[in-house]
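Trainee: Sequence:
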Amino acid sequence: GGERTLAAMALLFAMQAYQRPPFLVLDEVDAHLDGPNVQALARYVGQSDCQTIVISLKDKLFSCGDGLVGISRDRRKEASVALTWDLARFRQPRAGVAAGPLGAPLAPAPLLPPSPV
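Residues 9 to 125 in my numbering are what the sequence shown lists, from first letter to last.
Be careful, since some hints might not be right.
[As the list claims (entries may be wrong)] Label pairs and their calculated CB-CB ranges: (1) E11 <-> R84: 41 to 47 Å; (2) D57 <-> D82: 19 to 25 Å; (3) D82 <-> L34: 39 to 45 Å; (4) Y52 <-> R97: 19 to 25 Å; (5) Y26 <-> V89: 36 to 42 Å; (6) E86 <-> Y52: 17 to 23 Å; (7) T92 <-> Y26: 16 to 22 Å; (8) V89 <-> R28: 18 to 24 Å; (9) G43 <-> D74: 19 to 25 Å; (10) I63 <-> A25: 18 to 24 Å; (11) A90 <-> L14: 36 to 42 Å; (12) Y26 <-> G75: 25 to 31 Å.
If you are wondering where the hints come from, they were derived from the structure by calculation, not from laboratory data. The model shown is predicted, which means the values in this text are computed figures rather than measured ones. Backbone N, C-alpha and C fix where the C-beta goes; we use that ideal spot for every residue, glycine too.
Kindly produce the complete structure, drawing on both the sequences and the hints.
Mentor: Below, the structure is given as structure tokens:
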């Protein structure tokens, strides 16, 4: 699923290859993609040498990143807090597979202290 999204992403990545941006921001581009296409997108983004910020609600995509930032509301303080996780620390190489940016499964990341936004 998500053929239109894949076509749009192919165009974006083709333009990126022609005129290199300093970074990419992808906002929920995986919303209409099925599981295999989300994984394909994650592999492509992970193999790219362009820094990419991905906003996603799908764990198959965001679990492949080097880090996570979550924003939550603190009702007691009536403020937002940012929660950060360094996922790169939790990569475990699979047997017989070289560990790459997206090539290893992730262990659950512990919560780091929140920082005010």
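Trainee: All hints, please: hold or fail.
Mentor: Comparing the hints with the structure gives:
| no. | hint | verdict |
| --- | --- | --- |
| 1 | E11 <-> R84: 41 to 47 Å | holds, 46 Å |
| 2 | D57 <-> D82: 19 to 25 Å | violated, 37 Å |
| 3 | D82 <-> L34: 39 to 45 Å | violated, 28 Å |
| 4 | Y52 <-> R97: 19 to 25 Å | holds, 24 Å |
| 5 | Y26 <-> V89: 36 to 42 Å | holds, 40 Å |
| 6 | E86 <-> Y52: 17 to 23 Å | violated, 41 Å |
| 7 | T92 <-> Y26: 16 to 22 Å | violated, 34 Å |
| 8 | V89 <-> R28: 18 to 24 Å | violated, 35 Å |
| 9 | G43 <-> D74: 19 to 25 Å | holds, 22 Å |
| 10 | I63 <-> A25: 18 to 24 Å | holds, 22 Å |
| 11 | A90 <-> L14: 36 to 42 Å | violated, 31 Å |
| 12 | Y26 <-> G75: 25 to 31 Å | holds, 29 Å |
When each numbered hint is compared with the structure, violations occur for hints 2, 3, 6, 7, 8, 11.
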